[in-house]
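Use these hints to put chain G with the ligands onto chain Z, whose structure you have.
Residue numbers (UniProt numbering), protein chains in the order written: chain Z, 1 to 465; chain G, 1 to 378.
One should not assume that every hint holds.
What the hints assert, rightly or not - Here are the computed lysine to aspartate or glutamate pairs in the EDC-like style, where the Cα-Cα straight-line distance is at most 20 angstroms:
{"hint": "1", "chain 1": "Z", "residue 1": "Lys385", "chain 2": "Z", "residue 2": "Asp401"}
{"hint": "2", "chain 1": "G", "residue 1": "Lys26", "chain 2": "G", "residue 2": "Glu285"}
{"hint": "3", "chain 1": "Z", "residue 1": "Lys439", "chain 2": "Z", "residue 2": "Asp384"}
{"hint": "4", "chain 1": "Z", "residue 1": "Lys334", "chain 2": "G", "residue 2": "Glu300"}
{"hint": "5", "chain 1": "Z", "residue 1": "Lys385", "chain 2": "G", "residue 2": "Glu300"}
{"hint": "6", "chain 1": "Z", "residue 1": "Lys72", "chain 2": "Z", "residue 2": "Asp291"}
{"hint": "7", "chain 1": "G", "residue 1": "Lys29", "chain 2": "G", "residue 2": "Asp283"}
{"hint": "8", "chain 1": "G", "residue 1": "Lys282", "chain 2": "Z", "residue 2": "Asp204"}
{"hint": "9", "chain 1": "G", "residue 1": "Lys29", "chain 2": "Z", "residue 2": "Asp204"}
{"hint": "10", "chain 1": "Z", "residue 1": "Lys121", "chain 2": "Z", "residue 2": "Asp93"}
{"hint": "11", "chain 1": "G", "residue 1": "Lys224", "chain 2": "G", "residue 2": "Glu285"}
{"hint": "12", "chain 1": "G", "residue 1": "Lys82", "chain 2": "G", "residue 2": "Glu225"}
In case anyone wonders, no lab produced these hints; they're calculated from the structure. All of these numbers come straight from a predicted model, not from anything done at the bench.
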Amino acid sequence: MACNGTGCQSTCYKDEEEPSSSSSSSSPCSKPSTDSVKPESTNVCCLKCKLNDAVSGYGGVDDGRFCADCFKSNLFGKFRLAVTSNAMITPTDEVLVAFSGGPSSRVALQFVHDMQERAQKNFDASRDRSLPVFGVGVVFIDESAVLPIPSTEMEEAVEVINSVVSSLAPPMKELHLVPIETVYSSNSSDGKEGIIKLVNSVSDPTGREDMLLNLRMLALQKVASEFGYNRLVLGSCTSRIASHVLSATVKGQGYSLPADIQYVDARWEIPVVLPLRDCFAQEINMLCRLDGLKTLQLSTGPSSSINGLVSSFVALLQEENPSRESTIVRTAGKLIPFHFNRIPEIVDGNVPLATRRRQKRYNLKPNESVSSESFCALCNSPLDKSEIVDWSNVDNSRSTDIFYSACCSSCQFQILPRDSMTMEQFYMDLPQSVIIRAKQANNGNLSLLREQIQDCLLSDGEDET
Amino acid sequence: MEEERQRRGGGVRLCCLCNRQRASLKRPKTLQQICRDCFYRVFEDEIHDVILSNRLFSPGDRVAIGASGGKDSTVLAYVLSKLNHAHSYGLDLFLLSVDEGITGYRDDSLLTVHRNQIQYGLPLKVVSYKELYGWSMDEIVKMIGVKNNCTFCGVFRRQALDRGAAQLKVDKVVTGHNADDIAETVLLNILRGDIARLSRCTSITTGEDGPIPRCKPFKYTYEKEIVIYPFYFIAAATSTAAFANPSPLSFTYAYFKKLDYFSTECIYSPNAYRGFAREFIKDLERIRPRAILDIIKSGENFRISTTTKMPEQGTCERCGYISSQKWCKACVLLDGLNRGLPKLGIGRSRAGITGRKDRNENYGGKSIDNKQCGTLDF
Ligand SMILES: [Zn+2]
Ligand SMILES: [Zn+2]
Ligand SMILES: [Zn+2]
Ligand SMILES: [Zn+2]
Ligand SMILES: [Zn+2]
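Bound conformation, chain Z alone:
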């Protein structure tokens, strides 16, 4: 994930246009409700089943072609294809769904549940019960420590989240309600203070948003790791990814961009998967309307960041041409992904042959992916060659300097404080896990550099790192 990762919550906190909890679940064909269906399309027959009236309002090039049922199965089909062809979820997996309450992660949760329910049915019906049913947990990160969310709103949100998760059983799903300050291992009141100081020391509004995304990912990873999950599902949809493509471009992250926008991102301890990568925000909102899925949006105050500017730009473009978002994602999809953009175990025998075959067909060719071993200490984005600094020859360099050099140029510019006093404080306030990662990164950089200059080195044994 780059500085502005495609973290799930981002999809749901800020970027959805119609996030309000909509209750209008219209009966699909005969009597569509007026808010979701254009009047002129009521008499158009569904192109797929040729039985029911088509509905419209879900955007994209297929808008108005399918009936509600076919629309829904089509959307679920996109999700399932993404899951199976990338081996995102296998029977033995423990899957953690990042849920923000927004429409995208709500739909991700619903679809994962639907899949689990089917697996359970198959399991119950099968005689030998050889194929286990994957486990599902849900995590919500409470960011009220660093965002101006009214406490009453947060209480309501927690209530809604509880009711949503409990309604999705059986199979039972554990819910983890976790404050963002969980990234600090010490007690949470210390953590709260630390995280407020940390976030406030970032002066650039875009940098602050992106810093929060980094921390959110850290929190999600921590929960996933502590509770034994092996997959983290984010609800990032096409629209969200399209915005990320442009934001990353604008921030000079062209090199690392492909890492963030694939179905699978296994650079993290717990691999992150994006099963809604091919679904539009409008489709997701439509599904929420049709099925009466309850969603919520927390008021987080106005945004004057580049991320906000990009989102409104993409919305304008999408309005002008309904296939724009997918074109953007398709363009960026042609950039070469990284070696970690696949489920790591894919080579061993655990994965069914059919999946492996599909993987071959859809996924990246191994030799085309970029092999990179250095990551930004802050946002964990792969560093391009010019960003890798060799510190092996510098004695007595301060730890803050080393940390600075272990960050990508984008983080250096928009997140890290300029003056050394504030930087010192910033470094002190960082969660321990970030510091550790930075140290590992530096060692990694060193060996990478060593590799590149190996033939020039006279003696190797003198200065072991």
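Okay, now just chain G with the ligands, sitting in the frame of chain Z:
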């Protein structure tokens, strides 16, 4: 700056580069407060560095400056001849202009170019559509009407520049594309899914496989600074009553109603889309000036698979211009025109020249995909 002075109790804010003179402007690229002299120094030094580090020229090169009469190419002509002198590049510089034959449109700018020729002492060559293709743009429009996906402007103008350059026997053509233009092109190529162009649009030199390479010395130069550059000259010329007798340093360029880059756009149906992207970049620049350079950096660092290549270039059987098809795009269009079937040319050539497979859906003529006129090549 007024505020600043008041805050410091009447004290003068010094230039942060030289620390001697009074700061008189905020540099758009860095937001540094600098003096006028330092502005000119950094502006010219940066371009000089770009020229050196990218080895844009060799001594003895004949170089044509694509001159539209707008601010970018006018400032480029001035700065390049100044640097050529100051740093002894040893270049033979020429001005090269295209006359599309559009009543009222180019008159101004061609006049400007003529004036620049005298001011800078650079020989000028004007190639006209009428003489190259046998059709002026006015005549083409009379024939085909105003189309919202006009193919002619872009294709004809690009070829006209190449042909003019060939007639001048130059080694290189330089154009006034600035950093804003290049950032915009990066975005547009992402928006329309053109991965092949995305991979090349940030190169400072293009067309090295073609007859005459083109380069963009203003690749990292901000449009706002190009606007500032002549400002003091003009102010100085006005104040010293040099109005009637313009000094050799005074700047003349055509004030297009829209921005200068518009001169590369189809004159008859400007692309609404480019407008969006341009607005977006201006908004970005307001929040973060560095964004323009960051977009260019992203464009340079994109990892693009080697399998995405532009189609192989051959030469047109009819006119000898580089072409991936039997006939080059201009010849196809001309053939259509001459046979009274201009639509034929448009349809066939579209997939032909670029080898793109993208669907050129038009939504009310605003589609970004009809880039024929929008290709910033002049
Ligand atoms: Zn149907
Ligand atoms: Zn970073
Ligand atoms: Zn100065
Ligand atoms: Zn035109
Ligand atoms: Zn030809």
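Here is what the structure says about each hint:
{"no.": "1", "hint": "Z/Lys385 / Z/Asp401", "verdict": "holds, 19 angstroms"}
{"no.": "2", "hint": "G/Lys26 / G/Glu285", "verdict": "holds, 14 angstroms"}
{"no.": "3", "hint": "Z/Lys439 / Z/Asp384", "verdict": "holds, 18 angstroms"}
{"no.": "4", "hint": "Z/Lys334 / G/Glu300", "verdict": "holds, 15 angstroms"}
{"no.": "5", "hint": "Z/Lys385 / G/Glu300", "verdict": "holds, 13 angstroms"}
{"no.": "6", "hint": "Z/Lys72 / Z/Asp291", "verdict": "holds, 9 angstroms"}
{"no.": "7", "hint": "G/Lys29 / G/Asp283", "verdict": "holds, 14 angstroms"}
{"no.": "8", "hint": "G/Lys282 / Z/Asp204", "verdict": "holds, 18 angstroms"}
{"no.": "9", "hint": "G/Lys29 / Z/Asp204", "verdict": "holds, 17 angstroms"}
{"no.": "10", "hint": "Z/Lys121 / Z/Asp93", "verdict": "holds, 17 angstroms"}
{"no.": "11", "hint": "G/Lys224 / G/Glu285", "verdict": "holds, 10 angstroms"}
{"no.": "12", "hint": "G/Lys82 / G/Glu225", "verdict": "holds, 17 angstroms"}
Hint compliance for this structure: no hint is broken.
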